[in-house]
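Since the structure of chain A is provided, determine the placement of chains B and C on it from the hints.
Here is how the chains run, residue by residue.
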Amino acid sequence: MPDKTVEKVTTATGEPAPAVVAPDSGPGAAKARSLWSDAWHDLRRNPLFLISAVLIVFLLVMAAWPSLFTSASPRDADLANHFREAPHWGNFFSPEWLGYDLQGRSVYARIVYGARASIMVGVGVTVCVTIIGTVVGMIAGYFGGWLDAVLSRVTDVFLGIPFILGALVVLNAFDQRSVWVVIMALAFLGWTQIARVARGAVITIKQADYVVAARALGASTYRIMFKHILPNALAPIIVVATIALGGYIAAEATLSFLGVGLTEPTVSWGGDVNSGRADLRVAPHTLIVPSVMVSITVLSFLMFGDAVRNALDPKLR
Amino acid sequence: MTTIDKTSSVPSPRGSDDFGGPLLEVRDLHVEFSTRDGVAKAVNGVNYTVSAGETLAVLGESGSGKSVTAQAIMGILDMPPGRIPKGEIFFRGQDMLKMSNDERRKIRGQKIAMIFQDALSSLNPVLSVGYQLGEMFRVHQGLSKKEAKAKAIDLMDRVKIPAAKARVNDYPHQFSGGMRQRIMIAMALALEPDLIIADEPTTALDVTVQAQVMDLLADLQREYNMGLILITHDLGVVADVADKIAVMYAGRIVETAPVHELYKRPAHPYTRGLLDSIPRLDQKGSELYAIKGLPPNLTRIPSGCAFNPRCPKAQDICRTDIPALLPVTERDGGELPGRGSACHFWKETIHG
Amino acid sequence: MADLSKSEEAVDATPNVTEVATVDAATETEAVAAIEAPVQQGEPILQVRNLVKHFPLTQGILFKRQVGAVKAVDGISFDLYQGETLGIVGESGCGKSTVAKLLMTLEKATAGEVFYKGQDITKLSGRALKAVRRNIQMVFQDPYTSLNPRMTVGDIIGEPFDIHPEVAPKGDRRRKVQDLLDVVGLNPEYINRYPHQFSGGQRQRIGIARGLALNPEIIICDEPVSALDVSVQAQVINLMEKLQDEFNLSYIFIAHDLSIVRHISDRVGVMYLGKMAEIGTDTQIYDHPTHPYTQALLSAVPVPDPAAREGRERIILTGDVPSPANPPSGCRFRTRCWKAEDKCAEEVPLLAIPQVFVGKDTQAAHESACHFAEEKDVVHAA
Chain A
36 MPDKTVEKVT
46 TATGEPAPAV
56 VAPDSGPGAA
66 KARSLWSDAW
76 HDLRRNPLFL
86 ISAVLIVFLL
96 VMAAWPSLFT
106 SASPRDADLA
116 NHFREAPHWG
126 NFFSPEWLGY
136 DLQGRSVYAR
146 IVYGARASIM
156 VGVGVTVCVT
166 IIGTVVGMIA
176 GYFGGWLDAV
186 LSRVTDVFLG
196 IPFILGALVV
206 LNAFDQRSVW
216 VVIMALAFLG
226 WTQIARVARG
236 AVITIKQADY
246 VVAARALGAS
256 TYRIMFKHIL
266 PNALAPIIVV
276 ATIALGGYIA
286 AEATLSFLGV
296 GLTEPTVSWG
306 GDVNSGRADL
316 RVAPHTLIVP
326 SVMVSITVLS
336 FLMFGDAVRN
346 ALDPKLR
Chain B
782 MTTIDKTSSV
792 PSPRGSDDFG
802 GPLLEVRDLH
812 VEFSTRDGVA
822 KAVNGVNYTV
832 SAGETLAVLG
842 ESGSGKSVTA
852 QAIMGILDMP
862 PGRIPKGEIF
872 FRGQDMLKMS
882 NDERRKIRGQ
892 KIAMIFQDAL
902 SSLNPVLSVG
912 YQLGEMFRVH
922 QGLSKKEAKA
932 KAIDLMDRVK
942 IPAAKARVND
952 YPHQFSGGMR
962 QRIMIAMALA
972 LEPDLIIADE
982 PTTALDVTVQ
992 AQVMDLLADL
1002 QREYNMGLIL
1012 ITHDLGVVAD
1022 VADKIAVMYA
1032 GRIVETAPVH
1042 ELYKRPAHPY
1052 TRGLLDSIPR
1062 LDQKGSELYA
1072 IKGLPPNLTR
1082 IPSGCAFNPR
1092 CPKAQDICRT
1102 DIPALLPVTE
1112 RDGGELPGRG
1122 SACHFWKETI
1132 HG
Chain C
8 MADLSKSEEA
18 VDATPNVTEV
28 ATVDAATETE
38 AVAAIEAPVQ
48 QGEPILQVRN
58 LVKHFPLTQG
68 ILFKRQVGAV
78 KAVDGISFDL
88 YQGETLGIVG
98 ESGCGKSTVA
108 KLLMTLEKAT
118 AGEVFYKGQD
128 ITKLSGRALK
138 AVRRNIQMVF
148 QDPYTSLNPR
158 MTVGDIIGEP
168 FDIHPEVAPK
178 GDRRRKVQDL
188 LDVVGLNPEY
198 INRYPHQFSG
208 GQRQRIGIAR
218 GLALNPEIII
228 CDEPVSALDV
238 SVQAQVINLM
248 EKLQDEFNLS
258 YIFIAHDLSI
268 VRHISDRVGV
278 MYLGKMAEIG
288 TDTQIYDHPT
298 HPYTQALLSA
308 VPVPDPAARE
318 GRERIILTGD
328 VPSPANPPSG
338 CRFRTRCWKA
348 EDKCAEEVPL
358 LAIPQVFVGK
368 DTQAAHESAC
378 HFAEEKDVVH
388 AA
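Chains as they are written, first to last, in my numbering: chain A, 36 to 352; chain B, 782 to 1133; chain C, 8 to 389.
Because the hints were derived from the structure by calculation, they are not lab data.
It should be emphasised that the depicted structure is a prediction, and the values quoted were computed from it without experimental measurement.
Glycine residues also receive a C-beta, built at the ideal position from the N, C-alpha and C atoms.
Do not take every clue at face value.
Computed list of chain C residues with no C-beta within reach of chain A, every gap over 10 angstroms [what the hints assert, rightly or not]: (1) L221; (2) D273; (3) D289.
Pulled from the structure, derived: some chain C residues nowhere near chain B, Cβ distances all over 12 angstroms [unchecked claim]: (4) P51; (5) S84; (6) E91; (7) E120; (8) D162; (9) D179; (10) R180; (11) D186; (12) G207; (13) Q242; (14) D264; (15) L304; (16) R321; (17) A352; (18) H378; (19) K383.
Keeping only pairs whose Cα atoms sit at most 30 angstroms apart, straight-line, the calculated DSBU-like set for lysine-lysine is [to be verified]: (20) A:K241 to C:K383; (21) B:K1073 to C:K249; (22) B:K1065 to C:K249; (23) B:K1065 to C:K383; (24) C:K383 to B:K941; (25) C:K183 to B:K1073; (26) B:K867 to B:K941; (27) B:K1045 to C:K383; (28) C:K249 to C:K177; (29) A:K241 to C:K367; (30) C:K115 to A:K241; (31) B:K867 to B:K887; (32) A:K262 to C:K383; (33) A:K262 to C:K115; (34) C:K183 to A:K262; (35) A:K241 to C:K249.
Same shape as in the complex, but just chain A (with noise of 0.2 angstroms):
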C-alpha cells in the first residue's frame, strides 16, 4: 500500500541517533511538531491560502477601519450633482472612483462601509453556530442514549427548515434588522451542520484508543471530553466553519436583497445590489460593483475554507 510507505516517511522522521538511545533510535527532526503546526506548515504553502488570506486581511481591515479607506461618506447625498453618475474608473480610491448611486451617494463608499457588515454577520454567525454546534454534538455524541435520541431529533427538526425561507420568516418579525438580529436569526437555525459533524467526529473519538486509555487510568468525564474529545473533533468543526463562513454572508446578502435582511442605517452590500436592481440599464455599475463584491468576499472565504480543510483533513496524514 502506498499510503503505508508514506504514512511511514511522515511519521518516522529517523536519522540515525545517538548510540545513547540504544536500542531504539530517535526521530531525527529538530523540534516538537504538533498536527497544528504540521497543518500550518502545508497551509503556508498552498497558493490557494495565500491568494485568499491576502483578500480575507484586506476585507478586515477595510471593515475594521473603513475611513483608511475613503474619506466620503456612505450616506451623503448629493442628488444634485452626482444622480447616477458612471465610475471615473482611472481615479483609484477617489469617493468618484466607481460612480454613484441613484440618490447620489458614492458607490466606492458604499463597498467600504458595507464590509462590516458583511465580514460581521459571515465571522458572528460562524463563531455562534460553532459554539452552539459543538455544545450539542458533544453532548449528544458523548452520553449517547436518549439525550442523543433527543438532541438528533432537534437537529433534524432545523434542518427540515429550508434555510433562507426560515430567514424570511423570523427576519420578518423584526421591524429593525441590525447586524446583531441577523446573526441570531441565522445562527438560530445554522447550527445543525457543526452538530451532526461534532457529533459524528465525537462518537468516533469516543471510541478510539487513547480514549479507551484515559478511561482505564481513572480520568474524569470532563477531562476525557476537553483532553482527549474536543481536541481532536475540532479539526473537521474547523473545516466545516470555515466553508460555511463564505455561505453564511452570501446568506446576509441574499437576505439584504430580498428586503429581509439590514435595514439602512446599516450599509449592506445585498441591499445596494437591491436598489442598483431598478438602474440596471441607466447604471449597471450601481448592481455590477456590490454582486462583484459580494463574490470575491465568498469566494475568498471558500478557497480558505478548502485550504484549510485539505491542511488538516485527517484522510491526509
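Quick look at chains B and C alone, frame taken from chain A:
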C-alpha cells in the same frame, strides 16, 4: 515436493504464446514519492523475474518497498505523489511502462490480477458477490447476465465456497473473512490471468483459516500454471508455498534464494536477524535476538548499505559503498543456483 | 473473600439511607486498604470466576427490545499469580479482547467475579475502583490509535499522574516522565514531541511507559506487538520481559500469535467462542495439548523452517468459527471437530483435568474442556 518439480512437469496450457523468456521481468525499478519531508525513495533498483508456474515470495517489513513494487507492476500507483524515474517492467517481453493506458488496462485483470489484504474493502458492499464476479465476464468477454452468473457460480465452486449456488446472490458482508478472501481469489482467477500478485493475502485472517486459503492459492496456481508473486512480511507463510524468495530492505532486494536454502543458510545479516528474532513454537527459548534500531526513513536512507546502522557486522566499507546483489557460492566456489546477497560480507554470513 | 461477603451484606441490607451510606464509606476504605496492601504469599493476585459478558442484540428504534445476545465471553475462570505471565490465545471473535476490557472494568460484566486481592472489582466503584485502576494497567494493540495525537509524549506519559496526583508530587513529574522514557529505551529529551513523530515500535514503548507510570502490579496486554514489524516485535517483547523482572509485574498477554505467546508466557489459556478450551503451563499446552482445537491451532501455525515443517502433521479445519450470537449446543467446537460425537452436541464439556489423565504423572494432566481429550504432539517433527 516443492512446486518447482510439479510445475516443470506440467506442460503449459498456453501454447499460443511463443515468448520464450520469463513471464515478468522487473529491471532496475525505481519509485519515489514526494512527501512533506522530502522525496521518499520507496524502491531503489529492484530486479526480479517470475516464470509461468513459479511462485516468487517478496518478503519485507513495512516501508521495504515490496508493495510499491507490486503496485508499479499493476500500474495502480498513485501518481502523483508517486513517480517512476527509472526502470523497466517487461511482461512477456514488452515494457509495460512504455505502453499506453489502454494497452495497460487490457493487461490488468486479464493477464495480471491482484489479490489484496483487505477483502472487505476491496469488494463493493452494495453489489452481490455473484454480480461482481460476473462483471468480469460481462465486461471482458461480453457474456449475457445469465451466462455470467453461471460462470460466477462455477468460480465460487472452484475456490471451494460451500453452497455456491445458494450464496451467489449474497452480499460481501454476509461472508466470513476467509470466504471473502476466497471470493477475491475467484475474482482474480476469473479471466485466467498469467500472473497473480497477492499482497499479504492472509495477513488479516486467523491461523486456521490462513492455512486453508494458502493451500487453495497454491492448488489453483498449480492447476492454472500461473506465475504468482506473494508479498508478505510473514516468514512462516512464505515457507509453505514459495519456490524462491526475495528479501527486500529499504527499497532494494538484499537477498534472493530458493526457499529451503534461505532458511537453512541466510547470506545476508538482515535475513539472519529476522529469522533469529522469531520465537519458536516447538521450544521455549531464553531472550529473543532483536535487530537493533529501526527501519530507515525513506527520505534519508543511510549511505552505503542501507542496513549498516543496524548491522552487527558493519565495517567502514558498508557506510560508503552500496553492495551489489552478487551471486552466492559454496565455500569451495561451487555454484548455488538462484542465490544472491547484497552484502559486502556475505561469505562470512553464510559460511562463517 | 471475607471482605467480599461483608460488602455484599452492606449493599443488601437497606434499613435507612444514611446508615447505608456510612457503611459503604467504611467498606470502601476497607477495600482501598486491601487493594493497597501487598498480595499474600501464595495467593493469586487475580482470580477470575465464571466471567460472562453478553452484548444484547436489540431491534427497533424507539422501543428497543432484546432479540438475542452476542455471547462474547461465556463463563471463563482462571488465576493469575504475582510475577507470572498468563497468555491467552484464540482466533478473532473468541472473546479474548472482551476479557481484557472486563478485567480493566471498561465493560460491565454480565455475571461472574474478578477478585483482585480478594476484592470483587466488578462490584467496586468510586475510590476503591480508582485504586484498582492504579494497579491494573493496559497496553493496547495499535500504537497508532492508542496515543492522543494532539498531546505531547510528556503529557501522555504524565497523564496518569494528573489523574492520580497522590502518586507523584507536581514538581517531580517531569523528571518521573523522563525516567520512564529512559526505562523503556527512549531518549528522555523527546518529552515534548508528538506521537506522529515516532515509529510504531517507539510508540508502543510510549504506551508501555504510560502503563508503567503508576507502578501497577498487573499489566494487561492486548495484542501488544501484532501491529509491529517483525524486527521490532522482538525488541518490544524483550523490553516487556525486562520490565517484568525489574518491577515484579504480572502480565496477562492476549495474542493470536502462538509462537510469541509461548515465548513470553508461563501459563497459557486457549479460548474458543467465549469459553476456555484448555489451560496449562506452556509445556503442557504446546508439547502435550489434549484439546482438538488447541491441536488444530498449533498445527496450523506456519513455521519459518520448511525442514521442520515437513515432518509435522497438519490439521486443516474446515469451515469458519460459528457466530457467538448463536453458538453450537454442547461443545462449541464440535461443528469443526473431527472427533465430534452425539455426546458433544448434548453435553457441555467442563474445563477440568480429563478423566483419562487424572492421577497420572504426565504433562497431559491439565485442564481441558473436551469429552474425548487425547494427547497429541503437533508441534514437533515426527
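Could you work out which earlier hints the structure fails to respect and list their numbers in ascending sequence?
Result: hints 1, 12, 13, 14, 15, 16, 20, 26, 29, 32 and 35 break, sorted rising.
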